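Chemist: Listed here are the chains, written in short residue letters.
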Amino acid sequence: MKEPREPGADDPLLERVRLLPRDIEPPGDLWHDVAAALGAGAAPRPVPGPHRAWGFALPPRFASWRIRPALAAALVVALGAALWLHLRSAPAWRVAFTAGRPTLAGGAITTDSASAARIAVAGGRLGQVDVEPHSHVRLLVAARLEQRLALDVGTIRARITAPPRLFVVETPSASAVDLGCAYTLAVDRHGTSLIHVTLGWVELDRPNGTSVVPFNMSAYTRPGFAPGTPFADHADAALKAALYRFDFEQGGDGALAVVLERANASDAITLWHLLRRTSGAARALVYLRLAALAPPPAGVTQEGVLQLRPHDLRTWWDALPGSPGTLPWWQRLALRISAWLGVL
Amino acid sequence: MSDPVRLAQQGDQDAFAQLYRLHAGRVYALCLRMAGDAVEARRLTQDVFVRAWERLGLFRGDSAFASWLHRLAVNVVLADRRAAGRRLKRVVTAADAPAADGAARDTGAAERLDLERAIGALPPGARAVFVLYDIEGYSHEEIAALTGIAVGTSKAQLHRARRLLRERLER
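Line by line, the protein sequences give chains A and B.
Just so you know, we're using this note's numbering here: the first sequence kicks off at 9 and counts up by one.
Just so you know, we're using this note's numbering here: the second sequence kicks off at 331 and counts up by one.
For reference, chain A alone in the conformation it holds in the complex (with noise of 0.2 Å):
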């Protein structure tokens, strides 16, 4: 937050600027609206530990080393001065056909059943997305520090290598944050969207809800309605079917059960969200199907867990099995490098 300037003495407008009130009192029932949203589920959400900003964890043993600190700083440095080359300008969106003849006007590619087209971004510094036939995408924001489209309808596949949340893609019913990622996202007439992460983790956001889709993961998301829970690529069909019932169909409990019965080792990061969307006896339900599948490590207690203490949260997501801190630092790296050069 900024002082507001000293306006010239001889302005009368700034002078007036300058006696506007800084605090102007919000409606007296708002804190009402904002508890209940709270209230909601919209717990303080588990931040990945600094290490991990950019993907890709050291390994614990350099933790240990007394170098730590100057490794930290070297590598703050290496990375400022690889970031600033890389972004020291942001040239614009190339938007290449590769089949038939996308329709281009006014910042927006429209595909019909025989074309599709490619977007660099950034000029293909920051990666790549493909427009696939019967797509309408809209191209937003082309800055330094964002890159912004819309997808109204159809599929795109991005690969993008842009550092985390430069990128993003609005649609009908989410935003999605590229975390360092690889993915389809798919929109249909009705706004609903299915977004498959094949590299890194995408967080889809609203107002009144986020989910973190890890790779080999997907999500749902529709109009009107907090983003869906993520569910595994392999996950059992009843259980994704029941998933699709809780979140957007008020399905309830009969829809929690089904989720918790087959639920699996493989969808611990699936229960870890259904956490912050239940409360009471549901809430302590899914806790105990999760411990069982993906005990919580030391420091994590059920009755934090239960009262969706951020810390706790944090800890568990960073235990989980399938979660992107559990990958060796190396296989991310070697993930984030493939990506880079397009191999994926």
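Just so you know, these hints were derived from the structure itself, not from any lab.
Remember, predicted model here, so these are calculated numbers, not experimental data.
Using N, Cα and C, we set each Cβ at its ideal position, and we do this for glycine too.
Be aware that a few hints might be false.
If you want the footprint, here are the derived chain B segments under chain A, 3+ residues with CB under 8 Å [claimed, not checked]:
#: 1; stretch: 354-360
#: 2; stretch: 372-386
#: 3; stretch: 442-456
#: 4; stretch: 484-494
With chain A's structure known, arrange chain B on it following the hints.
Modeler: The following block gives chain B in isolation, referenced to the frame of chain A:
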């Protein structure tokens, strides 16, 4: 890091309510002036605090909580403006301008109300730059980075906003 922030990070909603009481006026003022509409401002303020609650874990105490929250509010409002651009364009009229609710209770109320209404009636792009630059104190470079427009465009929008305000207030 102050106690209410630390407690809120641990999931304490009472502590978060305390933070809300401390900062809601500042956030609401920003949302009201940026949106030019009291209903939208209410929705945006709610969004800001829900986001703040969700992202409290990201706050490391490197800056004042008020600064962190303020930047979050600016980002929420600008993101909403971009999304709104895709939806039905809404024409802001003088009648939609920030209401007198809390802004004009003290001395000079009429003048302030006129100015608030005039700001609310500015075109959205010019209004955003004017609020961020002249009221909130951001630089043109910061505004360009936040909004995705060029520095020159930011300066032009500010010039336009001031000209329109002077014309409106001199009538």
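Chemist: Now tell me, hint by hint, if it's right for this structure.
Modeler: Consistency of the hints with the structure:
1. 354-360: Holds, because 6 residues of the stretch 354-360 of chain B bring their Cβ atoms closer than 8 Å to Cβ atoms of chain A.
2. 372-386: holds (count 11)
3. 442-456: holds (count 3)
4. 484-494: Not satisfied, violated; 1 residues make the cut.
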